[in-house]
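Same order as they appear, the protein sequences are chains Y and B.
In terms of my numbering, the first sequence opens at residue 291 and continues consecutively.
In terms of my numbering, the second sequence opens at residue 291 and continues consecutively.
Hints were generated in silico from the structure; no laboratory data involved.
Since copy identity is lost for identical chains, a pair holds within one copy or between any two.
Straight-line distance between alpha carbons at most 30 Å, and here's what the computed BS3-like set of lysine-lysine pairs gives:
id	residue 1	residue 2
1	K586	K379
2	K398	K579
3	K357	K424
4	K554	K523
5	K379	K579
6	K554	K398
7	K379	K359
Each chain is listed here by its residues.
2 protein chains.
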Amino acid sequence: METAQNLLKKAQEDIQPFIHRTPVLTSRLIDEISGAELYFKCENFQRMGAFKMRGAANAILNLPEEKRKKGVVTHSSGNFAQALSLAAKNIGIPAYIVMPDTAPEVKKAAVRTYGGKITECPSTLKDREETANKIQDETGATFIHPSNDLDVIYGQGTAALELLQDFPDLDYVVCPVGGGGLIAGTALAVKYFGRNCKCYGAEPMEADDAWRSLQTGKIETNETANTMADGLKTHLGDKNFPIILENVSDIIRVSEEEIFQALKLIWERMKIVVEPSSSTALAAVLREKELFRNKKTGIIISGGNVDLSRLPF
Amino acid sequence: METAQNLLKKAQEDIQPFIHRTPVLTSRLIDEISGAELYFKCENFQRMGAFKMRGAANAILNLPEEKRKKGVVTHSSGNFAQALSLAAKNIGIPAYIVMPDTAPEVKKAAVRTYGGKITECPSTLKDREETANKIQDETGATFIHPSNDLDVIYGQGTAALELLQDFPDLDYVVCPVGGGGLIAGTALAVKYFGRNCKCYGAEPMEADDAWRSLQTGKIETNETANTMADGLKTHLGDKNFPIILENVSDIIRVSEEEIFQALKLIWERMKIVVEPSSSTALAAVLREKELFRNKKTGIIISGGNVDLSRLPF
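The shape of chain Y in the complex, shown without the other chains:
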């Protein structure tokens, strides 16, 4: 059996033609404010604007040729729908995207731009699963889960792998926790490619299912999720949870105000557009100043897809 270490390296080699090696930015001012030494891995500059391109490409490339050419299917109304569409287009296979009929037109348009074939359905989990099953039956396409899939997890882990190749002596890597794909992959990259490096998650208090899952030892869900970090409302799955439980040092919860202030700091001082979900990681570092003081800390900026139909000025 191949080790996670080899699978991460293989993912990096395989997906390389389909992704950008994203830059790592630093900010003297944010270092001063935080007291830490921060390295921002900017997946907002990734193709289609988020790290999800990595996992989507890796999942498709790991399908056997015969299955792959029949295409892939997922249900998502967020970045993964766009990522799977674009990765499939670039690899030359069809992508079928199940979206709730309530999804904003701008998100549907983005999926169409990237070549995804949309099927709309009512927005219950049952309807989405039934619709995805029906598409699988009709087309032979393979279902790819946005976060609870080992090939997706290894793909997402390549962001931290690249970061550790550039900066091998990081003390910590912090990333946002949503469905668990990114943090599971990041934790594996930290384990196998870091030197005494630890992985922390950052999660909104308003959607702290992963934090509670670490407390209870079983997958918890959110009854409500009133957070601006709209990429982080989903819960963990049976593939990524054991990895997280074993390899993540802790999950730091942050308030909506802390997420907003960190977002503002990144936009105003670093002059880059990032999603609120991304800024939870910086918010966590600013909240736990003692922990991160003088530590070389990698921050995974997960993406930059925000709706700017209204500008702030």
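Chain B: place on chain Y using the hints.
Just chain B now, with coordinates in the frame of chain Y:
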């Protein structure tokens, strides 16, 4: 007498310890939309967030030692006030900033952060000039104009100079036109360091004083200036106008809607925070598609200082 070519090169060497060599970004998608091949010189990543650091540093460094140590004074409520404050601080001299008492608190706070000493006065030109004169008399500080000063002009021109060092075969360089310092410096850099390269200006229709000045051959002003590109409301001066008249191929005027759409494109697709003033240059390229089709075109992204006290989502 030293030539403009030598003065630009000297400025580049002199200010190098005090500025960033900013990156040049490209965007496949915006190239597709525009039909041109675009190279964005990202002065939004410049120290204090705008190209004005270049001219401010160069003006201070060109003062004779005896005068320099007494400090510098300017009247500005925008980026130049911050730039002069930070450049003076880094060079180790005082900066006196005359600001209208109506200036927003956030702008005063920024100047103070960078070490500028603020004197407030009523917001008429007469009051500002009298206040600046008084400070000069009392302190021996030298007045530095934000745009109508040859050393400032050579400093601003170093952004295009760097761009042309990186990409020597550009066909065009486009930059926003406000007080005329940036475009005069850019036009000189294009003339002396480009190969068959032409310089174009971009200006809001709502503040098209420079365009009208090119028509009439004398410096025109704006009676009103209802533009979101708030850095471009000022008019040309007697030092920069002759340079512009001789070396700028044309000024392209753009509507508020075109500025907004170009801004949105840059934020959403390039994931960088830029000022509305900066997006006029891309708006000009999108408006005059035939002119720029398949042309290697440099775009000076002038700055990224926007007020994000309200976020768009």
